[in-house]
Each structure stands twice: as structure tokens, then as C-alpha cells.
Amino acid sequence: MKKSQKLLTLCLMLAIIFSGLFVGCTDKSTSDSSIDGKEIVNLKFSFWGSPFEKQAMEKALKDFEAEYDWIKVEPLYIPSDYTAKLTAMIAGNTAPDAGYISDSVILRWAEDDLFLNIFDFLENDSVLRKEDILDTAFYNWAPDKCAGLATAQEGFALMYNVEMFQKAGLPPAPTTVEDAWSWDEFVEVCKKLTIDENGKNATEVGFDHRKIKQYGLQFDNYAGVYLTVVASNNGGWLTEDGKDFGLNKPEALEALQKLADLINVHHVSPSPVQMKSLPDTSIALQTNKIAMTIGGNWSLLDFAQQDFQLGIGIMPKLDSCKTMVLSGGTAIFKTTKHPEEAWLLYRYLANPEVSLDLHAGGLWMPILRDWYTDPQLIGKWATGNDAHPEGYTDAMMNQVLNNGVAMPAFNVRNYGQMRAIVDPALDLVWLGEETAEEAMKRIEPQIIPLIEGYYTN
Amino acid sequence: MILKHTKKGATVEKLKHKIKTGSSIHKRETYFGVLFALPVILGLIIFTIGPMIASLVLSFTNYRGTNAIEFIGFHNYIRLFNGEDVFFYKSLKVTFYYVILSVPLSLLSAFLVALLLNQDVIKGKALFRTIYYLPSIIPAVATSMIWMWLFNPDLGLINAALSFLRLPTSNWIYAEKTVIPSLVIMSLWSVGSTMVIFLAGLQSVPRSLYEAVVVDGGNVLHKFWYVTVPMMTPIIFFNLIMGCIGAFQAFTAAFIITEGGPNNASLFYNYYLYREAFQFGQMGHASAIAWILFVILVSITAVFFKWQKSWVYYESGGQ
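Respectively, the protein sequence lines represent chains A and B.
Going by numbering that gives the first Met the number 0, the first sequence opens with residue 0, and the numbers climb by one from there.
Going by numbering that gives the first Met the number 0, the second sequence opens with residue 0, and the numbers climb by one from there.
Treat each hint with caution, since some may be false.
In the EDC-like style, the derived pairs of lysine to aspartate or glutamate whose C-alpha atoms are separated by at most 20 Å in a straight line are [to be verified]: (1) B/Lys-89 to A/Glu-443; (2) A/Lys-275 to B/Glu-258; (3) A/Lys-440 to B/Glu-83; (4) A/Lys-212 to B/Asp-153; (5) B/Lys-89 to A/Asp-426; (6) B/Lys-89 to A/Asp-422; (7) A/Lys-129 to A/Asp-119; (8) B/Lys-176 to A/Asp-422; (9) B/Lys-176 to A/Glu-433; (10) A/Lys-275 to B/Glu-175; (11) A/Lys-248 to A/Glu-433; (12) A/Lys-210 to B/Asp-153; (13) A/Lys-379 to A/Asp-369; (14) A/Lys-275 to B/Asp-153; (15) B/Lys-176 to A/Glu-432; (16) B/Lys-176 to A/Glu-437; (17) A/Lys-288 to B/Asp-153; (18) B/Lys-176 to A/Asp-426.
By construction, these hints were calculated from the structure, which means they are not laboratory data.
For reference, chain A alone in the conformation it holds in the complex:
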């Protein structure tokens, strides 16, 4: 074989191998055409969510393109492993211009200097102003530095099957703070709704808690739920000064124990183990396996798909009546070449008007104050549709507006690392193997070294 032939074969082989390798690594360059003298700008916007959310978001982006015809937005839909994939994009220098950021990383990434300060835009903007936005919607990594606004708002309330209340002879759950159940009243209602296989409820003599057919209340062992009860008892993740482990203080311990007692003392809630035998909450409500749940606002979307009449009630009152507020954030990356256009898009998406499907459908709550106070705007999402039952505006909407407490993800340093220790410890509390006090005392030495206060201090 001739040398040149040999060389050719070798080159061909290498070409085939490397073309395969590098074809995935090319980056589309921005086009240089223009409309009406304005140069076309290409943006990339990344987000996660259900197929329903994808559809709504893509529609919003299309509408945006129609309004701002020189900006093209490429939707980057990443339904799973969002943070890991985004991390890879950032490391590979191909981060999008803007996008959703998980609450577990947004502030840490802000400290890594990945995002533009939203306050810089808000200061000079006449359409969207800082005071228009709910206090619980800011991800601030320093007093005057905002990594991003919450994508939406999500609060917690009691959600129940109206028919099951009627069958038990109970009046509808209260919806306002003034009328809210005390904890004991709440336990009593849960007992009346918990029924064993012989048809006896938990207030009756002879009730067999090992053979429960219908639970009065179901709640997920998820931080948003237990912190809502903790906050209502004036407790928190950290103490107010940010120097101590709040969950190991009497007010928090009392709240956690009250929740655990619903499972292990009053037998009105399924334990995490018993929960494995129950279907999805929406189906469990419909099929009378559970009467009531502590639901996040987003559950309304699922519940609306099921065939039962949904009622909503305000969380029971302890010292006060609060709800945690949570949401992922949306941020603009510092690497964007078009910060102004990215802001136009950002501002556009912050307006609930453009994603009404998601708001009226029950998935999201707006981040803009007007949408909680102006009856006309409220009518667009919170009333007069299938997803939002009567009483919603009191039990959920006003609660988020007036008594909303931002989740620790919005302000506590090292929250993710602490939660990785707290949640497994609480597993044992829900299972009744430890008291709240024992569990929190046991992990306190592990938590203390992680406490670094609040971001805004």
C-alpha cells in the first residue's frame, strides 16, 4: 500500500471519529439580519415544568416575539435534572441569557457572580417597579443585590373534599384568620373525619387505629408544610438574629411535635410508611381515602382534573396564622450579550397577564401586588374559574399577601446543606421513633457549624 493511501485512510478514520465528537459542541452563532433597521437579537431562555407549563411558556415567548419583533427567543425546556444540566452549560460557557434557577442554588450562584443585579434594572424601569412586587418574591444575596425574582408565588392552605365534610356533619372549614381553627379544634375535626373499617370515627369508643379506612388529614413531610406550622407558632429555621438553630427552640419543637402527634398520638394522619399504600393525593381525596390535605397552591391544578368538589380552608391558628411562601427564581445571566433585551423579556414574563393559563389554572400565584388587591385583576385568576374554589381569596391569596413568610431558601445561608441533615432526622419523628426534641437535639451539633446567618444581614 502506498504511503499516500495509508495517510488518506488514517485521515479519513480520524475525520469520522472527530466529526462525531465535535458535532455536538458547536454553538449557533447569532444571525446578523435585521428588522426595520434594528439588528435581530437572539436570546435563550431556559425553564423546567410539566408539559402543560411548557406549552404555556412557549406561548408566552411567542407572544413576546410578536410584541418585540427584533428579539427572537429560543425556549430551552429542560424537564429533568435541571440544575445539573444548567451547571454543565455554565461550566461549558454556554449558559442561556436568562432562565429559571432552582431555589436550592440561586443565592449560592449569585455569590459566584453569575447573575446581573435585578435591582439595577428595577431602578431605571418605569413599567416594573420594586414596590409593585411582593416582599416574598425577592432572592437577595445582599441588602441591595437581587439575584432574581420568584418565578411565581406558592402558599399553603387546607384543601378538602366538601362531600366528606358534609357526610361527617361538619361545617365548611373557616377561611379567614379571625375564624381560623385553634389547633385543638383542628385535631377534633380531623378525628371526626378519620374512620376505621367498622365505620367508627376517631372520637368514638372502640375506634381501631390499626384499621383506618379514611384519614382525616394527609400532609407531606416536606419543609414548606412543617415550616408553615412552625412559623404560625412564631418559630423559624434559624433564630431571628440568625445565630442559632431555630428548629431546636421550644416554639418550633412544639409545632413539630403537634404535627407528629397527628400521626402517632391522634392517629388521624397516615405515617410516611402508610402513605406508601395511598394513591396520589388528588386521587386519595377523590376516592375518600383522605378527607383533607395541607396543600401547596400548585396542587389546585391537579385537583381541578379530578371529579370531586374541592373546598379550601385557612391553616389552623397557633400563636398566629401564617403560610410559607416558596418558588424557584428567574435570573439573568451575567454572560448575556444583550442585557437590555433580556430585561425586556424578564419584565414581560413577570406580568401574570402573559401566563394567565398558569395562574388561572391553579399552578401559580402572581408576584405583583396589584393582582392581590385590584378586584378586576383578581377576577382574572383567583375567582370565577374551576381551579379556585370559594374562599380561595381569603384562605390562600390574602394569606400569601398578608401573612406570607418566605422559605429559608430565600435568605438562609447553607439552607440546602442543613436541610440534608434536618429532613432525615425528622423522618424518625414522623415515624414516631423519636420526639421532635430528641431529634433536633441530636442533630444540633451537626447544624451549628453550618449556621452563617441570613444573606441580607
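Position chain B relative to chain A; hints supplied.
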């Protein structure tokens, strides 16, 4: 191609070809051999060795994927060993417990099943072999979903059967004490591939040896203990090492079924590594965790190789 070339070629070429020694043919063979193996070699270098070196370097940094890399010496390793990272020793304990329980049990059950399926008296051997092998080709996710239902304390088949037999039931994967044994039971379901290797080994034991035992007046037990077991030791050894490596890297069950719970009782080392890297984004720290596992596996394998000299029998004298 070569044939064509010589046919076409001039007489000079032919002459040259004749003169060519074996070494040049050898050279050409090497050239093509390497050429055709190139995709695999490059793949190994680019996708395995490269990332390994990168992760070794990263294990000495504070890299999170989003920050500027800063070398921090042995800090990641120190944090692990001095217990600052509270999950390290916990996950090591959990993983060792799983390995110690699952490896011997899976070897034993695979060996027993292989012995059974090697008996001439069994009818429909091919069918049984297929049935026993089947679970190992079912995707791990599907297996996990099935076992989640089997283990369900209230509706699960296992507890239903136990209570029917008036035996005590268990919370299986949902209780701290029973979660690892439950996962071991689940892993026994898919010993098919280990069993196939044993089966192949059993079939290669020379019949003459068994006949010799019969001639000497030995019974079935003698045959098993003095022929089967010694002849199988290299295969047992191979399966032991592979089983250990596999068990140390257990991941799917923790990822899909238990999420490391309850109370971190099933926080497998690999799941912990995954969580540090992809949920908490601590790439440098996770690289250190990965390298510690690598060192553990290499040492255990080395110890086994030393140990095998005292019990593994090679017909060829270990060559």
C-alpha cells in the same frame, strides 16, 4: 486490497513483495490493528482516562461548576476524614453493611441455582435457565418499581403472604433497621448473570474427575467437595471480585426507591457521591469522594488477589 494491488502491480513490486520478511507483514498487521482499535482507544482516553485525571485534579479544588477554580490542597479529603461532612462515615457504614451482606449471599444463591440447573435429572433445563436469567435483563428501574410494591407494608405481596402464614410482618424498606436487608433480598433476585458464569464453569469440569471419585467409592458429597468446589474456585474468585465492585457501587435502589432514607439508613456511597455532585453541585468535594472509593476498591481487590493464593486452585498452575 493487497491481492488486487499485487495483481496490478509491476514485476518490481512483486519482487519486492517476495523479499518482504515476516516482520513487515507484522508491521502492517499492527498498523491495521491499531487503526481499527482506534475508536475504542480514543474513547477510553477521551471519555474515561481523561475525566479520571480531571476528577483527580478537581478533588484538590473547590470547584462547583459555577465558580473560579481555586486549589485548596487536601481540604476536601480532610473534611471527609475528620467528620466535618456528616454523611461520609454514615454512607461508608451503610455501603460496607450492604456489601458484607449481599456479596456472600448472592454468590451462594447464584452457585446453588447454577448447581441445580446443571443437574441432568432436571427436565426443561433450558426453560429454567431462561427464567432464572430473566430478571437480570429487566431494567433496574422496572425491577425497583415491582419490589416497591412487593415491599409495601399494607398492600405488598410479601407482608400479605407472611400474615396469611401467621408470621410477623415487617416495614421492609421503610424502616431504618430493615432497609438494607430488604435491598439485599431484592438484589438476590437478579443474580442471573453470576449464575450463568457459574454454570459455564460447572460445565467445564472434566467428567473424568467425577468418574475417578466413583471408582474410589466416593458419593455425591465427595464429588461436590473434592472436585466441584476446587475446580470452581477461580470462578468463585472472579465472581467475588466482580460482586464486590458491583455492590460497592450500588446506586439504583437508593436513587429510585428510598432516596437514601429513612434517616440515611440506605445512603449508599455512590448515591451520596451523586447527591454531592449533582444536587449540591460540590464537584471538587464529590471528586474526592469518588477517589476514596477508587482507592478502597483497588485495595480490596489487591487484598483478595493476595488471599486467593491460599484457596484458589488453577489447573494451569496460575499462569
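Do the hints match the structure? See the list:
For the hint linking B/Lys-89 to A/Glu-443, the alpha-carbon distance of about 17 Å falls within 20 Å, and the restraint holds. For the hint linking A/Lys-275 to B/Glu-258, the alpha-carbon distance of about 14 Å falls within 20 Å, and the restraint holds. Taking the CA atoms of A/Lys-440 and B/Glu-83, the gap is about 18 Å. The hint holds against a cut of 20 Å. Between A/Lys-212 and B/Asp-153 the CA atoms are separated by roughly 12 Å; this keeps the pair inside 20 Å, and the hint holds.
Of the supplied pair hints, the one linking B/Lys-89 and A/Asp-426 holds, its CA atoms being roughly 16 Å apart against a limit of 20 Å. In summary, the hint linking B/Lys-89 to A/Asp-422 is supported, as the alpha carbons are separated by about 16 Å, within the 20 Å threshold. A C-alpha spacing of about 11 Å is found between A/Lys-129 and A/Asp-119, which places the hinted pair at or below 20 Å, so the restraint holds. For the suggested pair B/Lys-176 and A/Asp-422, the alpha carbons sit about 18 Å apart, so the restraint of at most 20 Å is met.
For the proposed pair B/Lys-176 and A/Glu-433, the alpha carbon gap of about 15 Å is at most 20 Å, so the pair holds. Between the alpha carbons of A/Lys-275 and B/Glu-175 the distance comes to roughly 16 Å, so the proposed pair stays at or under 20 Å and holds. Of the supplied pair hints, the one linking A/Lys-248 and A/Glu-433 holds, its CA atoms being roughly 16 Å apart against a limit of 20 Å. This hinted pair checks out: A/Lys-210 and B/Asp-153 have alpha carbons roughly 10 Å apart, not beyond 20 Å.
Pair hint A/Lys-379 plus A/Asp-369 holds up; C-alpha atoms about 12 Å apart against a cutoff of 20 Å. Using a Cα cut-off of 20 Å, the hinted pair A/Lys-275 and B/Asp-153 holds, with the two alpha carbons roughly 8 Å apart. Restraint check: the Cα-Cα separation between B/Lys-176 and A/Glu-432 comes to about 12 Å, which is no more than 20 Å; the hinted pair holds. Distance restraint check for B/Lys-176 and A/Glu-437: the Cα-Cα separation of roughly 19 Å lies within the 20 Å cut-off, and the hinted pair is therefore satisfied.
Annotation: proposed proximity of A/Lys-288 to B/Asp-153 holds, straight-line Cα distance about 14 Å (limit 20 Å). A hinted pair counts as satisfied when its Cα atoms are at most 20 Å apart, and B/Lys-176 with A/Asp-426 qualifies at roughly 13 Å.
The structure fails none of the hints (numbered hints given earlier).
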